[in-house]
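Residue numbers (the working numbering), protein chains in the order written: chain A, 1 to 417; chain B, 1001 to 1417.
For the record, the hints were derived by calculation from the structure and aren't laboratory data. Where a beta carbon is used, it is the ideal one built from N, C-alpha and C, also for glycine. Check each hint, because a few of them may be wrong.
As the list claims (entries may be wrong) - The calculated lysine to aspartate or glutamate pairs, modelled on EDC-like cross-linking and capped at a C-alpha distance of 20 angstroms, are:
#: 1; chain 1: B; residue 1: 1305; chain 2: A; residue 2: 39
#: 2; chain 1: B; residue 1: 1214; chain 2: A; residue 2: 30
#: 3; chain 1: A; residue 1: 214; chain 2: B; residue 2: 1168
#: 4; chain 1: A; residue 1: 214; chain 2: B; residue 2: 1054
#: 5; chain 1: B; residue 1: 1214; chain 2: A; residue 2: 95
#: 6; chain 1: B; residue 1: 1214; chain 2: A; residue 2: 157
#: 7; chain 1: A; residue 1: 214; chain 2: B; residue 2: 1095
#: 8; chain 1: A; residue 1: 305; chain 2: A; residue 2: 39
#: 9; chain 1: A; residue 1: 214; chain 2: B; residue 2: 1105
#: 10; chain 1: B; residue 1: 1214; chain 2: A; residue 2: 39
What the hints assert, rightly or not - Some chain B residues judged to face chain A by a derived CB distance under 8 angstroms, without partners named:
#: 11; residue: 1043
#: 12; residue: 1045
#: 13; residue: 1085
#: 14; residue: 1164
#: 15; residue: 1167
#: 16; residue: 1272
#: 17; residue: 1416
One-letter residues, chain by chain:
Number of protein chains: 2
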Amino acid sequence: MPDKNSHTDDIRMSGFRERSRVETVLAWIDVQAARLPVEAVSPGAAHGRVLGTDVIARYDVPSFARSAMDGYALRGAETVGAGDYNPLPFHLAGEVLPGRPLDREIPPGSAARIMTGAPLPPGADAVLPAEFARESGAQVEAMAAVPPGKNVGPRGEDVRAGATVLHEGRRLRPQDVGLLASVGISEIPVVRRPRVRIIATGNELVPPGVEPAKSQIVDSNSEMLSGLVRRDGGEIVAAELIGDDRGTIAARLTAGDADVILVSGGSSVGAEDYAPQLVAELGTLAVHGVAMRPSSPAGAGRIGKALVFLLPGNPVSCLCAYDFFAGRAIRLCGGRSPDWPYTSHVAPVGRKIVSAVGRVDYTRVRLVAGSVEPVATSGASILSSTTAADGFVVVPAELEGYPPGASVTVYLYDPPG
Amino acid sequence: MPDKNSHTDDIRMSGFRERSRVETVLAWIDVQAARLPVEAVSPGAAHGRVLGTDVIARYDVPSFARSAMDGYALRGAETVGAGDYNPLPFHLAGEVLPGRPLDREIPPGSAARIMTGAPLPPGADAVLPAEFARESGAQVEAMAAVPPGKNVGPRGEDVRAGATVLHEGRRLRPQDVGLLASVGISEIPVVRRPRVRIIATGNELVPPGVEPAKSQIVDSNSEMLSGLVRRDGGEIVAAELIGDDRGTIAARLTAGDADVILVSGGSSVGAEDYAPQLVAELGTLAVHGVAMRPSSPAGAGRIGKALVFLLPGNPVSCLCAYDFFAGRAIRLCGGRSPDWPYTSHVAPVGRKIVSAVGRVDYTRVRLVAGSVEPVATSGASILSSTTAADGFVVVPAELEGYPPGASVTVYLYDPPG
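Same shape as in the complex, but just chain A (with noise of 0.2 angstroms):
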């Protein structure tokens, strides 16, 4: 545990009484967020997954001598000055097409009608592509040279035998998958996906699609967070709305069910903040308050075998934490890098980024005409800010912001394109 925060007397209603820094909550969460086992999965389930181990190529790909072109297998060497106004003459010794190879040597002096990809006849050593020859009855005329080897692929061109084609812990791309089918892996073995818990607490709220009374607010964390844990990489078990009931947050606490378990609400130090005094007492609370700010009422802990994120109800803290924490964890679990999946640059400030000495500053922001501005309305139950925003920027705790001119890093809420 890596600071003293770690206790199970009741802090409810009696503040926080010190707050971790941003690098001690990350360095616990790189310790306890283990990568998870090895599964195998289809090719068509590998997408985007990471590898579990690296992956060995199981034949040759191609397991023969193939057409790089359309056009006509020949010796090479017997096309040597045939051109436009030499045109040298072959006798078409059949057709070669993919899948349907000529088992027999072609004889010297004749030429094979051949299609890209289509194996290699016998007794050829190269192609002579359908631009540069003039076909007529059992006769195929030459009008360009081709030295032996040319526009073939030889055996094993594209991966060898027992070569590591991709490496564990690699994320795989559509055309790794392609790659992966064609050496012969039709089970690939895959980090297991991060089996994620959402509980959204609070009385006063109410679930999408329900019209909120007076005091009544519409839940948009749980849908929120649903859609940054499968960006993530996470398979979400459950996304339930419950009320501040000490009783039920325990039982979804321990349920069992989940490698991550993010609780959104409750997680601050008023009189129905159950949850951090719940994992207290039924696991570890290591860290409950964080400098940094929206979520500063941030926690992390563990129950079990479950890593637990505690994260503000408020929904800029709430993803601002999300962000910052329980993300890292649930890429960490499913063997991603830790860095967020956000495009990132360097952009100048272009009106001053506030911030105080002490603590992190997540700081929404616009990008005008290349430069850097804070969105105005900044208040962590802001949501709206974080839809106007671009995107965001970090203020570390030892500056007390940004003035114009400064050369920031900006990451982008959109993904490119």
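Starting from the known structure of chain A, fit chain B onto it as the hints suggest.
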């Protein structure tokens, strides 16, 4: 139709007469790939989708003034002068919890215990944070002054009823879906996903999981294309491997269930390359042959309502033709940006990139210590070149390539993170 490559005469085995310029093909796509109609989906199905209309908030969020802190709701004016050495006493007038409002006005000189997110009780106009209060029995002492309005979020703070919360064309972020839920939109109007049919042709191909006999290879394009289509927001209606059979291909091309049809293989001018001829007969073959490398035998056309893309069977050509043409059409039909969904940045060339004037080159590259180097094997059939590469560089038709030191834009295959 942009050029005279639109023809119905048999072009098989006669070579390409004229190749379209890449820009001509892109312009054709931009005219043909119309945005699909709008459909309503649940919030859970809306992540990453494109909004089909502007969305207006149905009510204020929140619909009441609420506390932004855990603490005590009171009249701010009554706290003037309070401090650590001058605690001011208030009568404890009850408790307000989120979702459990206090309907009676709190009397002057009193304070109500309040939780973050709870509605401010009538009479109160500020919240004293718990950290600055000491409660004992029926009394609470204020050890700090809070002006009226302090720590209170006004009604409509996040969103006002009637405001446009998100605009048509927006690709929905996780927080956007949360925001839509919170303003009462549970049926989200999004652009329908393009339905895509994938047809892999080739007598030499066997499906993944089947051991290829001599002269056979495993079909890798269906799986690769499936991943690419899903990445670009398409929904796959079928992905079939079929032989080079004219009738079967014709039946699939006219199935009528797809917005976009991808045909992999049989796109060139070989004897068994039926697809171009079929598209010309059954609809319009607008493009056949493109001045690019790889994938010069690519084609595009239309059969009924479906856009048809002819992708060369060579895996790298297939990826390249997908990325240049088919992917763009799928993204446009789905309401997305036509731009590549790849992260890009400018980097110096470390080792010469060779091309030829008159054609666009798609060069797979590695980043070596920040410099761009072409991946040695560049054969169109070498799928492993696209897994060994970090990304690609596009060399425009008017250039012979890039010398060391030139600045080029690199598109990265891997997503950020």
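Okay, the hints, checked on the actual structure:
no. : hint              : in the structure
1   : B:1305 with A:39  : violated (42 angstroms)
2   : B:1214 with A:30  : violated (49 angstroms)
3   : A:214 with B:1168 : violated (30 angstroms)
4   : A:214 with B:1054 : violated (26 angstroms)
5   : B:1214 with A:95  : holds (17 angstroms)
6   : B:1214 with A:157 : holds (15 angstroms)
7   : A:214 with B:1095 : holds (17 angstroms)
8   : A:305 with A:39   : holds (19 angstroms)
9   : A:214 with B:1105 : holds (16 angstroms)
10  : B:1214 with A:39  : violated (31 angstroms)
11  : 1043              : holds (5 angstroms)
12  : 1045              : violated (11 angstroms)
13  : 1085              : violated (19 angstroms)
14  : 1164              : violated (11 angstroms)
15  : 1167              : violated (10 angstroms)
16  : 1272              : holds (6 angstroms)
17  : 1416              : holds (5 angstroms)
Violated hints for the displayed structure, listed by number in ascending order: 1, 2, 3, 4, 10, 12, 13, 14, 15.
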